[in-house]
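> Work out the full structure: start from the sequences and follow the hints.
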Amino acid sequence: PLGYTGPNWKDYQEAEHHMTKVIYNAMLDKALRNGKQDLVIVTGTAASGKTTAAKTLNFKKAGLIYDAAISDKDQLQAIIDIATAKGIKKITIVPVYNDLLTCYKNSINRGWKSWRFTALDQLVEEFRANKGLVHHIAATMPHIKIIPVNCSQNQGVKTVSIEEAGNWHYDITDEEMSSVLNYLSQLLENGDIEAGSVRAAAGEVTKIKGLSDDNKRLAQHIENLVQKIEYEHKLRY
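When you read off a place in the sequence shown, starting at 1, and then add 1, the result is the number in this note's numbering.
Not one of these hints is a red herring.
Heads up, simulated EDC-like pairs for lysine to aspartate or glutamate below, C-alpha to C-alpha not over 16 angstroms straight-line: (1) 114 with 193; (2) 87 with 30; (3) 22 with 68; (4) 208 with 224; (5) 90 with 30; (6) 56 with 68; (7) 210 with 177; (8) 146 with 39; (9) 87 with 39; (10) 22 with 75; (11) 217 with 177; (12) 146 with 164; (13) 106 with 177; (14) 106 with 193.
Simulated from the structure, these hints should not be mistaken for lab results. Fair warning: this is a prediction, and the values are worked out from it, not measured in the lab.
If you want it as structure tokens, here you go:
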């Protein structure tokens, strides 16, 4: 994967999205050439534990495993349509859940290791978009097997029922948002994110929808810190 860092981090992210589509089509073709007709789609919010879930559930016999943060219903449908049009006969979807703060902490840890940061505003949008996704899949795609997985607080990979997955908490409370914003604020104040990556990690937090007045002030504080760091390191002109 390409690193999501630097002032032009969005360009790298868009490039990876394009590469993912190209590679997905190529891997589908390869699987079918090898006589495989099954696909496992592991999805959920970025940094929710999808790769860990896929390894734990051991899908080694699957023709292809697609591991990506797919929260948009239309995007998921497009991925399925491409697979079925090419000849894939069996599809399994593995929705993976984790709480917002843990997802963001995971994304920061991943960014430190591989430069693949997920901006907080993007993460919040992805997280909220997962609401109702499991029920949507069950209602509109009865031919597809669903294996919901709960990885809350990184306490292991736990398979749950579709009914339980339908109650996963995707409505972010003011307190939960405050916890994530405070975590990011502390990282910036302590200099724990290198200057070239602060924007990639923060995104545009002041544009997060539905912030309380207190969280709006905290988001503005974060934006001020990001701009200050960028200015001091000549990343803003």
